[in-house]
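Student: Listed below, chain by chain, are the residues.
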Amino acid sequence: MIKVKINGQEQSWDGDPDLPLLWFLRDETGLTGTKYGCGQALCGACTVIVDKQAVRACITSVNDVAGREVTTIEGLHPNGDHPVQKAWRQVNVPQCGFCQTGQIMQAAALLMDNPKPSHDQIREAMSGNICRCGCYQRIENAVHLASTGV
Amino acid sequence: MNFIDNPRKIRGFEKHVRVEKVSRRSILKGLGITGGFVLAAPVMSRQALAYETGAGKMPHGVVVDPRVFVSVAPDGIVTIVGHRSEMGTGVRTSLPLIVAEEMEADWSRVKVQQAHGDEVKFGNQDTDGSRSTRHYLMPMRQIGASARTMLEQAAAKRWGVPATEVKTVNHEVVHSASGRKLGFGELAADAAKESVPSIEGLKLKDPKDFRYLGKGQVGIVDLHDITTGKARYGADVRLPGMKYAVIARPPVTGGKLVSFDPEAALKVPGVEKVMKVQGWPWPSKFQPLGGVAVIARNTGAAIKGRDALKLVWDDGPNGKYDSVAYRKELEEASRKPGLVLRKEGDADAALKGADKVIVGEYYIPHLAHVSMEPPVAVADVKGDKADIWAPVQSPGGTRDDVAKTLGIPEGNVTVNVTLLGGGFGRKSKCDFALEAALLSKELGAPVKVQWTREDDIRNGFLHTVSAERIEAGLDKSGKVIAWRHRSVAPSIASTFAAGTVHQAPFEIGMGLVDMPFEIANISCENPEAAAHTRIGWFRSVSNIPRAFAVQSMVSEIAQATGRDQKETLLALIGSPRIVKPEVKDLWNYGEPQDSYPIDTARLRKVVELVAEKGEWGRQVPKGHGLGIAVHRSFVSYIATIVEVAVDDKGKLTVPRVDTAIDCGTYVNPERIASQIEGAAIMGLSLAKYGEISFKDGKVQQKNFDDFQVVRMDDSPVVTNVYIVPPGPDTPPSGVGEPGVPPFAPALINAIFAATGKRIRSLPIGKQLEA
Ligand code: FES
Ligand code: FES
Chain H
1176 MIKVKINGQE QSWDGDPDLP LLWFLRDETG LTGTKYGCGQ ALCGACTVIV DKQAVRACIT
1236 SVNDVAGREV TTIEGLHPNG DHPVQKAWRQ VNVPQCGFCQ TGQIMQAAAL LMDNPKPSHD
1296 QIREAMSGNI CRCGCYQRIE NAVHLASTGV
Chain V
397 MNFIDNPRKI RGFEKHVRVE KVSRRSILKG LGITGGFVLA APVMSRQALA YETGAGKMPH
457 GVVVDPRVFV SVAPDGIVTI VGHRSEMGTG VRTSLPLIVA EEMEADWSRV KVQQAHGDEV
517 KFGNQDTDGS RSTRHYLMPM RQIGASARTM LEQAAAKRWG VPATEVKTVN HEVVHSASGR
577 KLGFGELAAD AAKESVPSIE GLKLKDPKDF RYLGKGQVGI VDLHDITTGK ARYGADVRLP
637 GMKYAVIARP PVTGGKLVSF DPEAALKVPG VEKVMKVQGW PWPSKFQPLG GVAVIARNTG
697 AAIKGRDALK LVWDDGPNGK YDSVAYRKEL EEASRKPGLV LRKEGDADAA LKGADKVIVG
757 EYYIPHLAHV SMEPPVAVAD VKGDKADIWA PVQSPGGTRD DVAKTLGIPE GNVTVNVTLL
817 GGGFGRKSKC DFALEAALLS KELGAPVKVQ WTREDDIRNG FLHTVSAERI EAGLDKSGKV
877 IAWRHRSVAP SIASTFAAGT VHQAPFEIGM GLVDMPFEIA NISCENPEAA AHTRIGWFRS
937 VSNIPRAFAV QSMVSEIAQA TGRDQKETLL ALIGSPRIVK PEVKDLWNYG EPQDSYPIDT
997 ARLRKVVELV AEKGEWGRQV PKGHGLGIAV HRSFVSYIAT IVEVAVDDKG KLTVPRVDTA
1057 IDCGTYVNPE RIASQIEGAA IMGLSLAKYG EISFKDGKVQ QKNFDDFQVV RMDDSPVVTN
1117 VYIVPPGPDT PPSGVGEPGV PPFAPALINA IFAATGKRIR SLPIGKQLEA
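Heads up: the sequence lines are chains H and V, in that order.
Okay, so the first sequence: first residue is 1176 according to the working numbering, each after it adds one.
Okay, so the second sequence: first residue is 397 according to the working numbering, each after it adds one.
These are computed hints drawn from the structure, not numbers from a lab.
We treat Cβ as the ideally placed atom computed from N, Cα and C, and that holds for glycine.
One should not assume that every hint holds.
[As the list claims (entries may be wrong)] Some chain H residues near chain V, calculated using beta-carbon distances under 7 Å:
no.	residue
1	Leu1286
2	Gly1309
3	Leu1320
[Stated by the list, open to error] To be clear about the criterion: a stretch of chain V counts as covered by chain H if any three or more of its residues have a C-beta under 8 Å from a C-beta of chain H, and this derived list gives those stretches:
no.	segment
4	458-468
5	692-699
6	1063-1074
[Claimed, not checked] Below, simulated BS3-like cross-link-like pairs (lysine-lysine); rule was C-alpha separation at most 25 Å, straight line:
no.	chain 1	residue 1	chain 2	residue 2
7	H	Lys1261	V	Lys611
8	V	Lys563	V	Lys589
9	V	Lys752	V	Lys872
10	V	Lys672	V	Lys1094
11	V	Lys507	H	Lys1261
12	V	Lys1018	V	Lys976
13	V	Lys1153	V	Lys1018
14	V	Lys724	V	Lys1153
15	V	Lys626	H	Lys1227
16	V	Lys577	V	Lys589
17	H	Lys1261	V	Lys626
18	V	Lys453	V	Lys976
19	V	Lys626	H	Lys1180
20	V	Lys1084	V	Lys1047
21	V	Lys875	V	Lys748
Start from the sequences and build out the full structure, keeping to the hints where you can.
Tutor: Here you go:
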């Protein structure tokens, strides 16, 4: 039996310990805000935060996070008012929106680590997250806005 | 040649206009209001419109009935139905916003309800071809105005005053003479009893009184849900008892399963079952390819189970498809005469007599859509009833196809349309929903079929692959006197009909025969090409290769004559006029020529606007260059300037993009800008990296590592968008697709300006490193 804390709640799993965290979250726990885009750590759609670090849930097993604290988009802020989420809305970032929860989690992790990232630091830190709709200019502006106060 | 601008016309679904036959019960149920009576819904009529569109010719046409689209609750909340699919364009916000505008509803008291697939009730729902605003701006205004009129009539009756004395202001009907007011909620029940006014008599708002249209201050309705993870895409649908399925499909188009061994798959923890999926022989429109499904308690187990399957395939007739050899075939065909589609003057003779002939051979490979959400669908089939939840661009077509595939009446199929995590044309084909329906029927349980990214890249409906060859003949003064364009590419029609070797009218009308230049001798030709995989619509479709070839050639002519790119482009466009190519059944995106002619004044205007705002001719640092391109597509006009920087190692970056669009009357400039910004990224992705190639019949790419798209670190630093203000009665035109085609040629022309290297084959890949 694996125990893991997700958004502050204890969850347990007695199935395949190698099951990717992504599918544990989406299919077994019902937390569908974390998305599948590639399954190979290539797109960032599945980004969650594990102990303050942005992690790709598609290549992280449930076993890898045993006893650790996982934050998904659903747990980022109780009302969805994390500065990154607010900035995202102010800048009207999303098109289809599918990549955006992963982008937001990546941005939130970046700002924990580096509260005032430069233009180049934002572009580098966010380049593991693909947006096929092409919202990059607005994502960059929103991260900048979140870092300077929304 | 079949005329299939819309997939469903090929099966004879075309109905021009229809008289409403919605039952009274269903309408009242839809309104959530009891009482009242129901009139036949008015069908859009010519007199009522300032302009005519092709909307009435789409399958099931247009329904203009406030009772279908609008309901008002006693608490005043107005619910407006969004009947098109939301894949990122903002349509789920924009169309209801038009209704709210005309109704004088307060947007903060409006809820949007997504329509399920039902074209008898809602009219055409195919969200493709950049048609939504174009076809529905006026009908949505009429629906809003009808609803407003019914509320006003109800208020006037209650007060015993003539309806001409009341008016609606911000969610209230007011009688100024007496100072009385009634909120929408207070009038809802009475308004539902009013008859639907005739379209002809409707009073539409004066555009100068618009509060929302054309302003761009309203965020998309799903904004909060998207940023909190609550937005529900197809992938996010969960039903009690639902099983998770992943399917192994034939690796070669037209291949068949010979045998399979499920044993190892069944040992994977969480895997419950392995079963065959019915397939249809190629080509069969959107029917499933067939294969073997692994059913599990979660998607991860299903994927692991599929990896463990032992499968034997018969690759069938396309087992030798090889992109290197195929390219040679296409290029050879482009060097010989082909089916002549447009002939003006005598291009052969003029080319022979020309002082100089410039020949450009351009190539663009297959592309995959890779929408961020791969295809996915949930089905719950019980007996002769089917419920589907899917991110489909074609809710009505999906309903048709599910009913036919299961052999049940269409009325027994409910297609619930979720948000789409991107579409780009991939999700106008409902094969994934059909797979889910077949599996659910057999299992007797709800099933989600999840395509992996690998499935999406290997088993999709790809963008075609094209060889475009242009010969331009110049006289002594450098004026272009002859133009011959041969376009060779497998057609989308090949996905519907075996033996297709020519482009369909809707493909040749995308930048080949509608070429707008003022040249005396023109020949547009289409040599034969057979398909060896499934070809489908990809955002912007054939405009991508055509704009790339034509607009690259403009720059080659500028280079040969030592003139400026922009001046050369304007000289080729020539005088402001309406171009009427001599082409039988000229395709005009399904729109009448009267409302949507090929207008070179508008084409020139976007070139001039982007040149002015984008500071064409500005000094750029060493290693930088500017390129320009213009293209009319989806009856919009759009011009782009790209600035590139190429360093001494050949690394390409894009510091700045400027785009001007004339899309006629528009609804939401903020979403137009987001579409154009995104189009630049998609254009850069396909130009820099985009290539799907085949060897031994199989796609050689698999995921975002070998089918790359632009990421933030190589995206344009800034994209500026300028929208041409519409004339008073300019009809609305497309926005979702037109942004992509001019990007690649503007980029390539900029690279030439920066480096002197002319790239004629996409993707750029390592060509700049040499
Ligand atoms: S799904 Fe995990 S990085 Fe793409
Ligand atoms: S908003 Fe569609 S993929 Fe990013």
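Student: Compare the structure with each hint and give your call.
Tutor: Cross-check of the supplied hints:
no.	hint	result
1	Leu1286	violated, 15 Å
2	Gly1309	holds, 3 Å
3	Leu1320	violated, 13 Å
4	458-468	violated (count 0)
5	692-699	holds (count 6)
6	1063-1074	holds (count 5)
7	H:Lys1261 / V:Lys611	holds, 22 Å
8	V:Lys563 / V:Lys589	holds, 19 Å
9	V:Lys752 / V:Lys872	holds, 8 Å
10	V:Lys672 / V:Lys1094	holds, 21 Å
11	V:Lys507 / H:Lys1261	holds, 22 Å
12	V:Lys1018 / V:Lys976	violated, 43 Å
13	V:Lys1153 / V:Lys1018	holds, 15 Å
14	V:Lys724 / V:Lys1153	holds, 23 Å
15	V:Lys626 / H:Lys1227	holds, 22 Å
16	V:Lys577 / V:Lys589	holds, 20 Å
17	H:Lys1261 / V:Lys626	holds, 15 Å
18	V:Lys453 / V:Lys976	holds, 22 Å
19	V:Lys626 / H:Lys1180	holds, 20 Å
20	V:Lys1084 / V:Lys1047	holds, 11 Å
21	V:Lys875 / V:Lys748	holds, 15 Å
Of the numbered hints listed earlier, those contradicted by the structure are 1, 3, 4, 12.
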